[in-house]
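Sequences are here, hints too, so could you generate the full structure?
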Amino acid sequence: MNPLPTWDLEEFKNQDNVVIEQSSTGQFTALLKEKAGLKIR
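In short: position in the sequence shown from 1, add 1, done, that's our numbering.
Careful: at least some of the hints might be erroneous.
Said to hold, decoys possible - Below, a list of computed lysine-lysine pairs in the DSS-like style, where the Cα atoms sit at most 30 Å apart: (1) Lys40 with Lys14; (2) Lys34 with Lys14; (3) Lys36 with Lys14.
It should be emphasised that the hints constitute simulated quantities derived from the structure, not laboratory data.
Following this line, the structure appears as structure tokens:
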């Protein structure tokens, strides 16, 4: 997803977040960590 709308995710930066995704490789979770700087459990 390019560009990833990180401006919409700013409110979640200072929280512990949980991602539910179908992919066994966790690609969307990795993208959120790398591009948006989110903390994901």
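How the hints compare with the structure:
With a C-alpha separation of about 7 Å, the suggested pair Lys40 and Lys14 falls inside the 30 Å cut-off, and the hint holds. Between Lys34 and Lys14, the direct Cα distance comes to roughly 10 Å. Compliance with the 30 Å bound is thereby established for this hinted pair. The suggested pairing of Lys36 with Lys14 holds, with an alpha-carbon distance near 11 Å, which does not exceed 30 Å.
In this structure, none of the earlier numbered hints is contradicted; all agree with it.
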